[in-house]
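**Student:** Required output: the full structure, derived from the provided sequences and hints.
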Amino acid sequence: MGYVPPPTPQHGLEEGPILLKDGRTAFLRRAGPKDLPLFVEFLRRLSPESLRMRFFSPISPEKAAELLLSAKPEEEKVILMVLAGDPPRMVATGEYVRLKGEGTAEVAFLVDDAFQGKGLGTLLLERLALIAAKRGVRRFQAFVLAENQKMLNVFMESGFQVRARRDSGEVEVEFEILLEEKAAERFEWREKVSTLASLHPFFFPRGVAVVGASRDPESIGYRALENLIFGRFQGPVYPVNEAIGKEGGTVGPLLAYPRVESIPSPVDLAVIAVPKERVWEALEASGRRGVRASVVLTTGFQDQEARELADKARRLGMRLLGPGSLGLVHTHPEVRLAAGLAPLPKPGPLAISSQSGTLGRAVMAYAEGMGLGISSFVSLGAKADISSNDLLQFWEEDERTRVILLYLESFGNPRRFSRLARRIGKKKPILAVHPSRDPLVRTLFAQAGVIRANSLEEAFDVAALLALGRLPENNRVRLISNASGPSNLALEALREGGLFVEHVDLGSTAKAEEFARALEEALEGEAGSVFLLFVPMGFTSEEEFLALLEKAEGNKLLLACVMGSPGVRARVMGQVALYRFPESAAIALSRAWAYKAWREEPLHFPDFPDLRLEEARKLLEGKETLSQAEGAALLECFGLPLGKGEGLSLKLTAKPHPLFGPVLPLV
Numbered sequence: 037m038g039y040v041p042p043p044t045p046q047h048g049l050e051e052g053p054i055l056l057k058d059g060r061t062a063f064l065r066r067a068g069p070k071d072l073p074l075f076v077e078f079l080r081r082l083s084p085e086s087l088r089m090r091f092f093s094p095i096s097p098e099k100a101a102e103l104l105l106s107a108k109p110e111e112e113k114v115i116l117m118v119l120a121g122d123p124p125r126m127v128a129t130g131e132y133v134r135l136k137g138e139g140t141a142e143v144a145f146l147v148d149d150a151f152q153g154k155g156l157g158t159l160l161l162e163r164l165a166l167i168a169a170k171r172g173v174r175r176f177q178a179f180v181l182a183e184n185q186k187m188l189n190v191f192m193e194s195g196f197q198v199r200a201r202r203d204s205g206e207v208e209v210e211f212e213i214l215l216e217e218k219a220a221e222r223f224e225w226r227e228k229v230s231t232l233a234s235l236h237p238f239f240f241p242r243g244v245a246v247v248g249a250s251r252d253p254e255s256i257g258y259r260a261l262e263n264l265i266f267g268r269f270q271g272p273v274y275p276v277n278e279a280i281g282k283e284g285g286t287v288g289p290l291l292a293y294p295r296v297e298s299i300p301s302p303v304d305l306a307v308i309a310v311p312k313e314r315v316w317e318a319l320e321a322s323g324r325r326g327v328r329a330s331v332v333l334t335t336g337f338q339d340q341e342a343r344e345l346a347d348k349a350r351r352l353g354m355r356l357l358g359p360g361s362l363g364l365v366h367t368h369p370e371v372r373l374a375a376g377l378a379p380l381p382k383p384g385p386l387a388i389s390s391q392s393g394t395l396g397r398a399v400m401a402y403a404e405g406m407g408l409g410i411s412s413f414v415s416l417g418a419k420a421d422i423s424s425n426d427l428l429q430f431w432e433e434d435e436r437t438r439v440i441l442l443y444l445e446s447f448g449n450p451r452r453f454s455r456l457a458r459r460i461g462k463k464k465p466i467l468a469v470h471p472s473r474d475p476l477v478r479t480l481f482a483q484a485g486v487i488r489a490n491s492l493e494e495a496f497d498v499a500a501l502l503a504l505g506r507l508p509e510n511n512r513v514r515l516i517s518n519a520s521g522p523s524n525l526a527l528e529a530l531r532e533g534g535l536f537v538e539h540v541d542l543g544s545t546a547k548a549e550e551f552a553r554a555l556e557e558a559l560e561g562e563a564g565s566v567f568l569l570f571v572p573m574g575f576t577s578e579e580e581f582l583a584l585l586e587k588a589e590g591n592k593l594l595l596a597c598v599m600g601s602p603g604v605r606a607r608v609m610g611q612v613a614l615y616r617f618p619e620s621a622a623i624a625l626s627r628a629w630a631y632k633a634w635r636e637e638p639l640h641f642p643d644f645p646d647l648r649l650e651e652a653r654k655l656l657e658g659k660e661t662l663s664q665a666e667g668a669a670l671l672e673c674f675g676l677p678l679g680k681g682e683g684l685s686l687k688l689t690a691k692p693h694p695l696f697g698p699v700l701p702l703v
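Residue numbering for the sequence shown follows this note's numbering, starting at 37 and increasing by one per position.
Hints listed in this document are in silico derivations from the structure and should not be mistaken for laboratory results. Every residue gets a Cβ at the ideal spot worked out from N, C-alpha and C, and that includes glycine. There could be a bad hint or two in this list.
[Unchecked claim] Pair by pair, the computed Cβ-Cβ distance ranges are:
| id | residue 1 | residue 2 | range |
| --- | --- | --- | --- |
| 1 | 48 | 113 | 16 to 24 Å |
| 2 | 702 | 253 | 55 to 63 Å |
| 3 | 392 | 680 | 52 to 60 Å |
| 4 | 174 | 48 | 17 to 25 Å |
| 5 | 664 | 644 | 18 to 26 Å |
| 6 | 279 | 463 | 48 to 56 Å |
| 7 | 659 | 80 | 46 to 54 Å |
| 8 | 107 | 659 | 24 to 32 Å |
**Tutor:** What follows is the structure, encoded as structure tokens:
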């Protein structure tokens, strides 16, 4: 079994927001003696049966709370608690305890009756295992009543290799907590299920409320309502405006409601378009109504204010997009959702996420001009809650999305992004544009298989090719052209991208029939891609050449360049990606080939059975720096002995980066 890196939660391992299996939100943190009142209140709510299952005999809530929070001097005890609701109340706890220095710890959980079956026991087990492994624990054991099938299922379905032994009415379970591939896959699967459930109300809402809907054509509330109506959203839309609703009036063709709570039918999504000072109130009202998703279009929030808004939404059981979001669109024919300030675009295979709302609007317009439709578009705004990491998991499962394009200005959790992108990129190409030229960002994208574009224009050049749904079968490309100068530009760019070129020069007098014959021969050849380069020379018209492209079909990746053609730089025409400049087409094909090569690499980590981890751990205990001899000994634990000969001297250091984690600069 090879090395499996531990999963990286989206938020903190020991403290931060979490998602339940049904997509609802909660908060996880460490517990301590000061939490005794919360524990007592939690235990008083539990049924006697739940208490018996945990403590094996009747016990008072007060005594049980003291027992859970106490630890003997010789013990190491880690207690986690889960809070939900507004005001928050405790709904679950989990702990492990071990004698200091021992490699085995005992683990146990307790979940509110109303929250059982929502994945909390499993989540607590995962987090405790990750925490314990970092502290040198190697095994978990638990003692469970034989009749407590729910808890036994948590262990048996965890992905760990569980050994169970029954003794009278109890079952003892024991398992190694160092990750194996199956357990890591289960961790990832469970997180994806929760994330998809939390995003469902955004992309498939049963009803949408526009809080702050207005009759003023210059207001964002008017525009948001207008886009929902003109986009023909396939569900009910409810304008919410206190003044108009109280009078029983309408906004546009729709009856207005004074409050979100007044809406009689199910509402899953609230589009909030009110002044900043009223957003908090609108969010609370939406939460009381049972709304599961909120899009905050309002701008002007500082970072801390945005975080507080997201925390409030989570306590209300909602996820939040924004604040300062342009909104989202989903072109699915059974949804047709334009929830925000962007109208519904033409449907297609491209999914787009943008932190910049105004840039996102321009990007959608550019995509439409290319003939490249949109499956969904999300403007993240301040990214206080929903991030590109969430969206990647939705688009991974979305059958209508073929290519993912991300415009990133910052990373919330780059290590999590890398892990997700590596998995999802094996199924669908991920294009990213990031304004930074930081080598860390470049390395992150390369390791994760993300196709980095140096500009938005280059990103769309590549997207046009990938949207065809094919990748180059090999690194051979047949270049068919009628002009030597542009051909040389293409040849240089193709070779620089690692492609082997079979060049067919038809000459400047080539007619459409000659291009057609050359294309037919190329489709029967060994090259995995065919690139047609055309310059109007008076012997074949642009219209004739484009007609040839419209009829072109085959099992190879097809791209073409028509120099001098007006309009956008790249566009999709049938089964062909069409470009104005040869270098643009060549670079796009090179990126597609590099992605294909990465995609064929196995998605696993190498096995190093000879690593001396315990020895390395002891070397590092209690030390901030190592001597040269200690450093050499540490490297030898990982199979990296230092050479003894003369040579170039380089310094390797390990530095904790605030975003990227451990970074190893070599200077």
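**Student:** Each of the hints needs a verdict: does it hold here or not?
**Tutor:** For each hint, the structure was consulted:
1. 48 with 113: 16 to 24 Å: holds, 19 Å
2. 702 with 253: 55 to 63 Å: holds, 59 Å
3. 392 with 680: 52 to 60 Å: Hint holds: Cβ distance 54 Å, inside 52 to 60 Å.
4. 174 with 48: 17 to 25 Å: Holds: the Cβ-Cβ distance is about 24 Å, inside 17 to 25 Å.
5. 664 with 644: 18 to 26 Å: Because 24 Å falls inside the window, the suggested range holds.
6. 279 with 463: 48 to 56 Å: Given about 50 Å between the Cβ atoms, the range holds.
7. 659 with 80: 46 to 54 Å: holds, 47 Å
8. 107 with 659: 24 to 32 Å: holds, 27 Å
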